[in-house]
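The listed protein sequences derive, respectively, from chains E and H.
According to our numbering, the stretch in the first sequence is residues 1 to 113, in order.
According to our numbering, the stretch in the second sequence is residues 1001 to 1111, in order.
Quick caveat, the hints were computed from the structure, so don't treat them as lab data.
For clarity, every value in this text was computed on a predicted model and none was experimentally measured.
Any given hint could turn out to be false.
In silico contact screen, one side only, chain E against chain H (beta carbon under 10 Å); selected entries [claimed, not checked]:
#1 14
#2 44
#3 45
#4 101
All C-beta atoms, glycine included, are put in the ideal place defined by N, C-alpha and C.
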Amino acid sequence: AQSVSQHNHHVILSEAASLELGCNYSYGGTVNLFWYVQYPGQHLQLLLKYFSGDPLVKGIKGFEAEFIKSKFSFNLRKPSVQWSDTAEYFCAVKSDSWGKLQFGAGTQVVVTP
Amino acid sequence: EAQVTQNPRYLITVTGKKLTVTCSQNMNHEYMSWYRQDPGLGLRQIYYSMNVEVTDKGDVPEGYKVSRKEKRNFPLILESPSPNQTSLYFCASSLGRGEAFFGQGTRLTVV
């Protein structure tokens, strides 16, 4: 079955530390890849997306993600986190053939001052 | 402003009392869907619609109904809510391969 796996459920780190969140998917065909962020009490907002081209994608708020096709991965990174990055992060995959978004279970990130 | 609007934002109801959560988008998107979000499970798709009068089951459709009579609206209907439907619900819309835009969410409690 098609699935999306996020490696960590909870991450706690200090301000200025670097962040990397893992995401792997099991789709065999062409995919579109997304990272969404959900701040406490809010809806999901798009951080970045990958459709084709340069596998290193830059998004908002200093986030970037790298698509590695051979590893079926789309890991999210930020070199230096801030307290305001405390949120839940979701990886999502959309197969090229239709519009369904398949989500990972999410990673809760807590940044301590 | 491009947006997806859900109502209500919060709802407490009793078991068995029919309810409807409305969803409307102003972006002329063809694809709309409903998700429920539960701790540790991420977002799971309930139903989706690829266009007017075209709807289909997602991953967790039991206990829910939807309709798509107009392109902009995609209401979620719980005919006989049960406590296991207590959850945070999100409506989303998208255009083809593009990103999904999400509503603000509806927190439903069934007692």
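Each hint, compared with the structure:
1. Checking residue 14 of chain E against chain H: minimum C-beta separation of about 25 Å lies over 10 Å; hint violated.
2. Taking 10 Å as the C-beta contact cut-off toward chain H, the hint placing residue 44 of chain E at the interface holds, the least distance being around 4 Å.
3. Hint status for residue 45 of chain E relative to chain H: holds, with the closest Cβ pair at about 8 Å, below 10 Å.
4. Interface hint status for residue 101 of chain E: upheld, as the beta-carbon distance to the closest one in chain H is roughly 5 Å, under 10 Å.
The structure shown violates just one earlier hint, number 1.
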